[in-house]
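Participant: These are the residues of each chain, in order.
There are 2 protein chains.
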Amino acid sequence: MNQTAIARSWVEHANGHRDFPLQNLPLGIFSRPGQAPRCGVAIGDAILDLEAALAAGVFEGAAKAAVEATRGGALNAFFALGRPARVALRERLQVLLGEHSEHRAVLQAALHPAGECTLHLPARVGDYTDFYVGIEHAKNVGKLFRPDNPLLPNYKHVPIGYHGRASTLRPSGTDVRRPKGQTLPAGQTEPSFGPCARLDYELELGIWIGQGNDMGQPIAIGDAAEHVAGFCLLNDWSARDIQAWEYQPLGPFLSKSFITSVSPWVVTAEALEPFRCAQPARPEGDPQPLSYLLDKRDQAGGAFDIELEVLLLTERMRDEGLPAHRLTLSNTRSMYWTVAQMVAHHSVNGCQLQAGDLFGSGTLSGAVPGSFGSLLEITEGGKQPVQLASGEVRTFLEDGDEIILRARCVRDGVASIGFGECRGTVVGAN
Amino acid sequence: MNQTAIARSWVEHANGHRDFPLQNLPLGIFSRPGQAPRCGVAIGDAILDLEAALAAGVFEGAAKAAVEATRGGALNAFFALGRPARVALRERLQVLLGEHSEHRAVLQAALHPAGECTLHLPARVGDYTDFYVGIEHAKNVGKLFRPDNPLLPNYKHVPIGYHGRASTLRPSGTDVRRPKGQTLPAGQTEPSFGPCARLDYELELGIWIGQGNDMGQPIAIGDAAEHVAGFCLLNDWSARDIQAWEYQPLGPFLSKSFITSVSPWVVTAEALEPFRCAQPARPEGDPQPLSYLLDKRDQAGGAFDIELEVLLLTERMRDEGLPAHRLTLSNTRSMYWTVAQMVAHHSVNGCQLQAGDLFGSGTLSGAVPGSFGSLLEITEGGKQPVQLASGEVRTFLEDGDEIILRARCVRDGVASIGFGECRGTVVGAN
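Top line first, the protein sequences correspond to chains A and B.
Residue 431, in this note's numbering, is where the first sequence stops; the numbers in between run on with no holes.
Residue 431, in this note's numbering, is where the second sequence stops; the numbers in between run on with no holes.
These are computed hints drawn from the structure, not numbers from a lab.
There's no promise every hint is true.
Any copy, or any two copies together, can satisfy a pair, since identical chains are not distinguished.
[Unchecked claim] Pairs of lysine to aspartate or glutamate residues, derived as DMTMM-like cross-links and limited to a Cα-Cα distance of at most 25 Å, are as follows: (1) K65 <-> E52; (2) K65 <-> E227; (3) K297 <-> E191.
Bound conformation, chain A alone:
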């Protein structure tokens, strides 16, 4: 990597930071003890308080208007401004936080150690939609039910998605209460009620919608990328036993709605620009997407190369000081549909998207063991336990288990960036 080409920050711990160097600058909503939530920017291990920076007079013009739109404890209004506002803010922040900054002294006073701050959801989510674009996950799960024909006939034509629950979206770090519900125990004909016995994680990319559309006015595929504000990690916690019993004929409901965790930093579309890649070629024989899903620019650069990782830390591992166990190493290149295709499809019927809506990608598994994005896949439905260095085994999650999602973008010649973490610890049912 050509380090000389990579701009440096006067915030020394940002240079070479795993997640938040000067090239990332993700936005989030944070608070300090006793203070109302406000917008901040992650830089190294610190958070720049944008409101304090605004008060210090370091913004003007479009960047100032952008910062003003981040007020109020949620980024919806900022997202609605679209790309020009994000770019204006980003360019100004790169100057302000760059090594040649003329405002270092006043900005230093607006920096807070991230460890002293609480992070919140970055926006008020109007609607949350969960897609199913991870084709290897769809195949792996399909194989459990239909070994000879894992993918349903619509999969390669339709970016499958369904509506999720917005009220239980929570930021990383929120405990995951084991849900109770109805299940049909193996071999029984009558359901039982009790705590979920097959609690799982799902590794997903989260997509924050920027500018929306009016009802009845679809977003064309060529415009769709412009409607995306940024990205996060998303854990679509799933109660597999509840899901199996409830999901016919209308889809998952209580098996998912108890909580969905998201990483708090919005990694902007601009920060991810260097990590765009061509949509992987469809295998020989796969159908051509219908024209409303087809755009040359999207095919050429609408996918992302983002490494994804899932770690498990049990209570015993924490107590014994053992390192977390890596469950999954995967990549967003396994998405069969691009984010632009998801946006175009979602709105093609006239459905209104709004700034601050959230999409989940669906579980992003790879094709080989080690890359599966859920325990359902890793353990083949609970049949192949995972062995841990602590001497424990897992088929599904137990109380005290913590799941940690991470993401990282690496490419020669540019600074690597990451997403921060999406963590959640399972606590016992009430």
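Using the hints provided, position chain B relative to the given structure of chain A.
Facilitator: This is chain B only, laid out in the frame that chain A set:
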């Protein structure tokens, strides 16, 4: 009916009004030309402007606090106050609008002809959930696919529901743009894209959530009715051809999310109290609900006796002055699960409900022809056209068709009340 027992209003057109006599007093959000939306109460053919009445000084104590919570153009804060606030407001309004009112003069000035007002959605909907509790609908639809086994094994154990789209909820009177989407034409193996050819209505009861719950704290069945603020009519417009192709494995998505229409008046739980009835006995052999869904008081009086009606008015019928064609005459007694059971089930996994959330009941069909709540059922999937007095036939809806939902509660000795209408006219695809 013993008319002498029925209290009268000084608003003369309210007495004996089909929908809005003194005994109903539903709340809604209305606006007059050039004015911001505000809360009103339907009384006969008029709307009482609650803000103007408040300014006139006719409220005090709990009723005043209740009216203050209705400000801001949405009823969420009022819903969150729960039953005591609704009861205080209702009791005061029945005095103020009753024939012995001492405030007739000032209130007269706060009354507006309903026809001169625009009605809006009554609340900002955080999450919208569509249930499937109309068992006859489930059977009728199931028969089209599985003649020998129409109900899935979970139906009589689980109040089936799924998440719907909140952003495209619209008040009665909003045009319904025919959606475009992917369909798999009969006999084809590759999908096509174009305007929906099988556009349908679904007759549903809408349920407005009052007080919510914290995440992780289920609402017990015995408390569940207390969390319901009121009711409306809901048309879950459905694109059957899009639905058939997209819904496996995660449920309906774009086939529903283009628009969902709701009647604008919130008929309160208190106004419906006289029309409660016992939950219809489960047929011999049906399973007992699991204990988290079972409550004696709910079994004894948790169902509702509400007549439901659907009318179709085509463009030609409008042009020729023909009366609307009745497609459906049904009743909420066909609900296999009570509203309390829906609330208890929805939250049993810890899912958070919030004031202003909306539930749909699912299509409320009866068991016999004439009572089916969708064209899918009436026409047996498009095979048996409906003959209209205009000489037209319909299998599914055509551009220019208007669907009108109505509901009415009738019981000896008490004033009948209604819900007003939920209307929508189909307009051609873009």
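Participant: Going back to the hint list, which numbers does this structure go against?
Facilitator: none
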